[in-house]
Amino acid sequence: MSKPPINPDKTVAGIALDPQTLERVVPESRRPDGSVRKQLKIRPGFTPQEDVKRFRGTKQAQMDATALPKGHIIGWVPPSSASSSSKPLSKSAKKNAKRKEKRAQEKTEEVQAPVPDNWDDDEDEEGDKDKGAPTPAADTDAKDATKTPPESSNKSDNTDADEGLVDKLEKLDVE
Numbered sequence: 001m002s003k004p005p006i007n008p009d010k011t012v013a014g015i016a017l018d019p020q021t022l023e024r025v026v027p028e029s030r031r032p033d034g035s036v037r038k039q040l041k042i043r044p045g046f047t048p049q050e051d052v053k054r055f056r057g058t059k060q061a062q063m064d065a066t067a068l069p070k071g072h073i074i075g076w077v078p079p080s081s082a083s084s085s086s087k088p089l090s091k092s093a094k095k096n097a098k099r100k101e102k103r104a105q106e107k108t109e110e111v112q113a114p115v116p117d118n119w120d121d122d123e124d125e126e127g128d129k130d131k132g133a134p135t136p137a138a139d140t141d142a143k144d145a146t147k148t149p150p151e152s153s154n155k156s157d158n159t160d161a162d163e164g165l166v167d168k169l170e171k172l173d174v175e
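In our numbering, the protein residues as written are 1 to 175.
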């Protein structure tokens, strides 16, 4: 058998279960002047008028159990749960959804775009495009950071310049 709680629950009339004797009692309390009231024992089976609940027949009790909340209308469903799942999208909503998807796709493409090794090469490339059409050799040279600017198109000069750049980078300990 489990022990009763130290601070037992009280009824409306103040009756509690004594943890030592397991009898129903009104626990002792203190008056405003400081004196103490004695603990009162309650006869078994006695229910004070404050604890008597209003009589409800079986049908009335059943009605109370199934009663709707105050202000509730039978058959009414809140619009937020019913409208979101059953209504199809309008034309403008479809267009907006497509635009949103397109923007998200463009953002992912921007993130996936390669980052150039040397930003200065891009500026040179733009300057060359203004002067005239770049040669295919110039485009491949601009992509590699260790090669010379696209102005020189001679292969032997490119290899000499590459070796010169590699030597300079090794002296600077730049990888």
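Since the hints were derived computationally from the structure, they do not count as laboratory data.
From a predicted model like this one, the values you see are computed outputs, not experimental measurements.
There could be a bad hint or two in this list.
[What the hints assert, rightly or not] In silico SDA-like links for lysine to any residue, alpha-carbon gap of 25 angstroms or less: (1) Lys3 / Gln49; (2) Lys3 / Leu22; (3) Lys41 / Ser29; (4) Lys94 / Ile73; (5) Lys10 / Gln49; (6) Lys87 / Arg99; (7) Lys38 / Gly71; (8) Lys95 / Val77; (9) Lys87 / Ile73; (10) Lys53 / Val26; (11) Lys38 / His72; (12) Lys102 / Leu89.
(message) Under the constraints set out in the numbered hints, which ones does this structure not fulfil?
(response) Violated: hints 1, 4, 7, 8 and 11.
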